[in-house]
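This is what each chain is made of:
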Amino acid sequence: MREYDIEVRIAPRQGLLDPQGNAIHNALHSLEFDEVESVRVGRLLRIRLLADSAEGARSSVDDMCRKLLANPVTEDYEIAIGATA
Amino acid sequence: MNAAIVTFPGSNCDYDCYKAITDVLGRPARFVWHRETELGDADLVILPGGFSYGDYLRAGAIARFSPIMDAVQRFAADGGLVLGICNGFQVLCEAGLLPGALIRNATLKFLGQTVRVRVENATTPFTAAYEPGQILELHIAHGEGSYVADAATLDALEAGGRVVFRYVNAAGNVTADANPNGSMRNIAGIINERGNVLGLMPHPERSVELLLGSDDGLGVFTSLDAYLGGGAVPAAHFAAGGAA
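Chains as they are written, first to last, in my numbering: chain A, 1 to 85; chain X, 1 to 244.
FYI, nobody ran anything at the bench for these hints, they're computed from the structure.
Glycine included, each C-beta is placed from N, C-alpha and C at the ideal position.
These stretches of chain A come out as covered by chain X in the derived footprint (C-beta under 8 Å, 3 or more residues):
| hint | segment |
| --- | --- |
| 1 | 9-21 |
| 2 | 64-75 |
List of simulated lysine to aspartate or glutamate pairs, DMTMM-like, C-alpha gap at most 25 Å:
| hint | chain 1 | residue 1 | chain 2 | residue 2 |
| --- | --- | --- | --- | --- |
| 3 | A | K67 | A | E55 |
| 4 | A | K67 | X | E38 |
| 5 | A | K67 | X | E144 |
| 6 | X | K109 | A | E37 |
| 7 | X | K19 | X | D215 |
| 8 | A | K67 | X | E193 |
| 9 | A | K67 | X | E36 |
Incomplete in silico selection of chain X near chain A, CB under 7 Å:
| hint | residue |
| --- | --- |
| 10 | R58 |
| 11 | A101 |
| 12 | L108 |
Chain A extracted, bound-state conformation:
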């Protein structure tokens, strides 16, 4: 077993209204960041866990996402496995 540092990025599903993202988008435009085309607001979770392998870690976090961390109706998620000490 070794330690893995994992990042889970959760974002509102594409095509679904993201009122927070829209509000920030508008605020950036009022600051004259006219180049901004869209903003989506999600969540970042950093999880440290023990697993036998990177694949094992990924599969375990994927299970967590499906059961709790992300809502399958409204959110998409990505799992990134970082280097560990």
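Go by the hints and put chain X onto chain A.
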């Protein structure tokens, strides 16, 4: 009617439900702490409004794993009546007892206001005391009440008469202006396919006596009571409340 009202850490409408049932309707109700595992002899389970677990992660996401929720799942699977109000609706969606999800209001504002909803289906155990198409004035108090689901789910809800309440304007029309939170198709409340689990964002328990400004929500409780074989509501409770 013998109601079990589930209290999660952060529930804040549990007493309103308790009062609606015991004081106004004169029926027995009791609180069930979320760490309990049995519902006893209840024939109605209410998941009340509030901010269970501080709405951490997503509204209702953590409450659905409370120990009592296994019992609620079994109760619903056996055909027991489950009413989820506001945060309770969010918990039911997270638990998969109702389809779809409730996301941040389109306005981004927490909304505490009176809205009008139309009774779209007056044949359910939760709404039989109302007239079809009746317009109710009810209170909402939520930050995450925008109902979303994929198109196939929405169509199935519509086709099955499972959209039970919809936000409307004073004339009873479904308009964008009448939709406080951006809910798809102005949906304010839905029922499961079997017809025993209902969730809605407005608070019927806050409108059960004219003293509170409206008794339009009382019909949800009298419907349930009648369905559960309640018989006549003790007259003393109406005399005391002044509402009929």
